[in-house]
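Asker: Protein chains in written order, with this note's numbering: chain L, 1 to 136; chain B, 1001 to 1303.
Please note that a few of the clues may not be correct.
Claimed, not checked - Under the rule of at most 16 Å between Cα atoms (straight-line distance), these lysine to aspartate or glutamate pairs were calculated in the EDC-like manner: (1) K52(L) to E8(L); (2) K112(L) to E1145(B); (3) K108(L) to E1009(B).
Keep in mind that the hints were calculated from the coordinates and are not lab data.
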Amino acid sequence: MAKTFHLEIIATDRVFFSGEVEHLVITAIDGLIGIMAGHEPLVTSLPTGELKYLVDGEWKYAAISEGFIQVMPDSSIILADTCELPEEIDIKRAQEARERAEERLRQKQSIKEYYETQAALNRAMNRLKISQKHFK
Amino acid sequence: MPNMREIRERIGSIQQILKITNAMYLMSSSKLKKARKSLECTEPYFYKLQSTIESVLEHTPHTRQQYFDRREDIPEDKRKKGYIVITGDKGLCGSYNHNVLKYTEQKLKEAADIDNCYLFVMGQVGRMYFQRRIQNDKKGYVDGEFLYTTQNPTLYRAREIAEQVLEKFEKHELDEVYVIYTDMVNSSLQEPRTLRLLPFERKHFGKAADGTMKKLPKASFMPSPEEVMNYLIPQYAKGIIYGAMVEAFCCEQQSRMTAMDAATNSAKDMIKDLSLMYNRARQAAITQEITEVCGGAASINEE
């Protein structure tokens, strides 16, 4: 078996992968880069794209959206917004689209509700105040 | 001694409030469960991001990248400082909002010139507080169009915020940017904290294993340090803002749950005390009645 190095792939919503790999291929800004154990220190950013890594002689694929990688001779860290296996993708995308729509709604809703509640409170307080003042 | 009717009314109203606080307690505890799960998922990213960037900066060669521009020619009292303050959308969560606001006030006081402070407040409570404050003494500046809720943080929102702030920095409308949020130290301890977002500082020296300072080796950047930093810094800003939002949201739920739990408990205590008082008043009334009857009977007998 070839020499291995430690790879960590961390997405914002989970630790996607952590373990020993033999070979890693990433899509950097200016093309594909292959990384094996003992690579020189390197920092580069990763646009949305594909990555693959070799574990126990088997290639694993993943889709990655914006992130960056720090390579050290004996370890590498990838930090990305999201990272997912091919079989997870469709559901994820649907969820994200839904999240965006909900987000826009919530943004409007929250502010609206606040002002409505404030107005309702003001009206109630005003009524109470006036009734106490003039009607005893 | 207050009369029975008054006590009864009070017990009734406390019971009504108890129902509300208890419902809010249940709601916030279920929200907390969700918030805590997302915090657990995001925390590794948040901390790893900070430590990785730190080590990347140790290996960064000199760059003319704009986010590294410290603008040292601007004197301390002329520097425009931006603060992204994360507060809650609603009250009734104990001292959570109060702590963040107090901490921010303190930071503003420390700043050399408060007129050069720009606040980007997330959450209704903080926004209202600072807008009112600024109307009163016309100091500092709150971005009125910076309307973001802190509920259920998303990456999408963090990205928008990061873009806005970076753009302001590029246009020289801001010289320094900080994030103020509440950090969850553990479930019972939360404290407000500041993170510096911009400008970046490159480290020339690091501590070696034997404690001496040594020059750090430079890593290579593909295709160039400037190019990489152009991608990396917005990425970092977004990650930090997202992480801070998740932490703050979890803290808010936690403190609301604690506050509502305390409110429910003290309502129960009050009801207990009042019931005792009510029973005493009732007993006293009965005793008095018996005395009166006895007294009346005795006076009839005497005649």
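Asker: It remains to establish, for every hint, whether it holds in the given structure.
Answerer: Here is what the structure says about each hint:
1. Between K52(L) and E8(L) the alpha-carbon distance is near 13 Å, which keeps this suggested pair within the 16 Å criterion.
2. With a C-alpha separation of about 15 Å, the suggested pairing of K112(L) with E1145(B) holds against the 16 Å cut-off.
3. Straight-line distance between C-alpha atoms of K108(L) and E1009(B) comes to about 40 Å, which puts the hinted pair past the 16 Å bound.
Violation of the numbered hints given earlier is confined to hint 3; every other hint is satisfied by the structure.
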